[in-house]
Amino acid sequence: MIKSLDPRLTRENIEENNLIAPLTPMDNWETYEVFHQKKRGDQHMHVGIVHAPNPEMALLFGKEQYGRRSITANIWVVKTANVFASEYDDADMFETTPEKQYREAGGYKVMDKINKYKKANKA
Amino acid sequence: MYGNAYIDPNEKANAMIAGEDPIKLAEFEARIARGEKIEPKDWMPKEYRKQLIRMIEQHGHSEIIGALPEGTWITRAPGFKRKMALMAKVQDEVGHAQLLYSAAETLGKSREDMTNDLITGKSKYSNVFNYPAFTWADACIIAWLIDAGAIINQVANAKGSYGPYCRALDRICTEESFHLKYGHDNVVTLATGTPIQRQMVQEALTRWWPPIMHFFGPSDKISQHSEILMRWKVKMASNDDMRQQFLNMYVPKIWDLGLVLPDPKLKLNEETKKWEYTEPDWDEFKRVINGGGPCNAERLAVRRMAEERGRWVRKALYNATEKYVTPLA
Ligand SMILES: [Fe+2]
Ligand SMILES: [Fe+2]
Chain L
1 MIKSLDPRLT
11 RENIEENNLI
21 APLTPMDNWE
31 TYEVFHQKKR
41 GDQHMHVGIV
51 HAPNPEMALL
61 FGKEQYGRRS
71 ITANIWVVKT
81 ANVFASEYDD
91 ADMFETTPEK
101 QYREAGGYKV
111 MDKINKYKKA
121 NKA
Chain W
1 MYGNAYIDPN
11 EKANAMIAGE
21 DPIKLAEFEA
31 RIARGEKIEP
41 KDWMPKEYRK
51 QLIRMIEQHG
61 HSEIIGALPE
71 GTWITRAPGF
81 KRKMALMAKV
91 QDEVGHAQLL
101 YSAAETLGKS
111 REDMTNDLIT
121 GKSKYSNVFN
131 YPAFTWADAC
141 IIAWLIDAGA
151 IINQVANAKG
161 SYGPYCRALD
171 RICTEESFHL
181 KYGHDNVVTL
191 ATGTPIQRQM
201 VQEALTRWWP
211 PIMHFFGPSD
221 KISQHSEILM
231 RWKVKMASND
241 DMRQQFLNMY
251 VPKIWDLGLV
261 LPDPKLKLNE
271 ETKKWEYTEP
281 DWDEFKRVIN
291 GGGPCNAERL
301 AVRRMAEERG
311 RWVRKALYNA
321 TEKYVTPLA
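Going down the list, the sequences are from chains L and W.
If you count by the working numbering, then the first sequence holds residues 1 to 123, one letter each, in order.
If you count by the working numbering, then the second sequence holds residues 1 to 329, one letter each, in order.
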C-alpha cells in the first residue's frame, strides 16, 4: 500500500503495483482545433487543440485551456478532421512575383508625369 | 515547468543521419539555419522526430507529475489567497502538459501511447518530482526555484526549430512568470517572518538544493550527437550553461534573504565569471531516475489510479463513429 505524506492519498489504499490495462486508441477521443477571440471586433485566432468526445465538451475544455487567464470574448471549436489545409510543399503558389506590381499601390507612379507636365506648361 | 528531458548522451551519433536522403537533409538543415521553423507535415530526419517526441513527451510528463507534490499542499496552503493561487498554479501545470502532449502528437505519437509509457515507467519525467514536499515551505521552494530552473530551460527551448513546441512554450512561459513571482513571494514571506518560519524555509532549501543542482542534468559530453542536436535546434543550451545561468540569477537572491546554501564550495569565480560548486552526486541522480527515489513508486501508482478511475467516464462519452486525426499544428 502507498503510504503518502498526503493523508488523502494514504486513505485511498493504493497498491504499489496497481498495474492497469493500457489505454487503447481513442481513449482520449479525437481532437478539435480551438479559435480564440480576445475581444469583440478582433479576429478569432487559432490557439491550439483539445481532445474531446463532442463539440460541447470541446468548448468546455477550450474555455479551461485557452480562456481561463486571458480576456476572452468568444471561442470556436472545429474538428481537426474537418479542416482542409494546404501543403507546405506547395508554398510556392503563394509567392508574389514582380509582375504582380499591378496589384500594389506602389505599382502606380504618377508624380513624374505630373511634374513633367507642370514644367512644360509653366514655360 | 520542467522541460529538462534526459537525452542519453551515449547514443551512437553516427546512426543519427544514416539512411537519410542527403538532398532533403540539406534543405531541412538550411531551413533551420535560416531561422525558419519546421512544421508537422514537413520532411524531417527520423532522429529529429524521435528526439523531439522524447523531449516534448518527457516535458509533458514532468508537468503532470510535478502537479502531485504541489497539489498535496492545496488544502493546507495558509490562507485563502494562497489556496486560490496554488490551485491556479497546479491547474496551469496540468494545462502545460496538455499543450505539450498536443505538440508531441503532431509528430505522430498518440496521447494514449504517451500515457501508457508514463504509467508503465518506460518514459521518464523530471527527477526532482521523485522527492517529497515535506512542509509548506518545500512547496514554496518548488514554486520559486524549480519553476525558475524550468523557465531557463523553457525560454531556451522556445527558440528551437519545431513550430508546435515553440508555440506551446511561448504560452507556457507567460504563465510561468506568475508561478515564479508567487513562489518568490511565499519564500520571502517565510524568510522575513518569525524564527520558526525562517527555520522552516531554510530546512526546505537545504533539502531541495541537491535535486535543484541535478535539475539540468549531468554535464553534456561534447559529441557528434549533441552537435547535431544543437545544429537542428533541438537542444538549445548545454546543461552546464543552463545551470550556470540559474546560479547566476538565483544564488544572489537566496543570499539576499540571509539563507544558507548547503555547499561550502559554492562561489562565483570573479575571473572566469563562472560559479564553482561541489560536483552533484550523479550516482544518486541515476539511482533516483531509475526508480530508486523516495517517491517514484507513489507518483506512478497515483497516476495509474487516476487513469483507471477516470476510464469509465471517458468510455461513456466515447463515440464509436469517430476517427482520430493527427492535430494540424
Ligand atoms: Fe509548467
Ligand atoms: Fe510552473
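Don't take each hint at face value.
Unchecked claim - Below, in silico cross-link-like pairs of lysine to aspartate or glutamate (EDC-like), each with a Cα-Cα straight-line distance of 20 Å or less:
1. L/79 to W/220
2. W/124 to W/220
3. W/41 to L/90
Claimed, not checked - Some chain L residues near chain W, calculated using beta-carbon distances under 10 Å:
4. 6
5. 20
6. 24
7. 26
8. 68
9. 72
10. 73
11. 76
12. 79
13. 81
14. 93
15. 95
16. 98
If you're looking for bench data, these hints aren't it; they were derived computationally from the structure.
These numbers come from a predicted model, not from an experiment.
Each residue gets a CB set at the ideal place from its N, CA and C atoms; glycine is no exception.
Structure-based check of each hint:
1. L/79 to W/220: Roughly 42 Å separates the two Cα atoms, so the pair is violated.
2. W/124 to W/220: This hinted pair holds, its Cα atoms lying about 18 Å apart.
3. W/41 to L/90: Roughly 12 Å between the alpha carbons, so the hint for residue 41 of chain W and residue 90 of chain L holds.
4. 6: Result: holds, 4 Å to nearest chain W Cβ.
5. 20: With Cβ-Cβ at 5 Å, under 10 Å, it holds.
6. 24: holds, 7 Å
7. 26: Given a least distance of 6 Å, the restraint on residue 26 of chain L holds.
8. 68: Constraint on residue 68 of chain L satisfied, holds at 7 Å.
9. 72: Status violated, d = 14 Å.
10. 73: Residue 73 of chain L check fails; min Cβ-Cβ to chain W is 19 Å, beyond 10 Å.
11. 76: Nearest chain W Cβ about 15 Å off; hint violated.
12. 79: holds, 8 Å
13. 81: At about 4 Å, which falls below the 10 Å cut-off, the nearest Cβ of chain W leaves the hint on residue 81 of chain L intact, so it holds.
14. 93: At 15 Å from the nearest chain W Cβ, residue 93 of chain L fails the 10 Å test, so the hint is violated.
15. 95: Violated, because the Cβ-Cβ distance from residue 95 of chain L to chain W comes to roughly 15 Å (cut-off 10 Å).
16. 98: violated, 22 Å
Figure legend: structure checked against the earlier numbered hints; hints not met, in rising order: 1, 9, 10, 11, 14, 15, 16.
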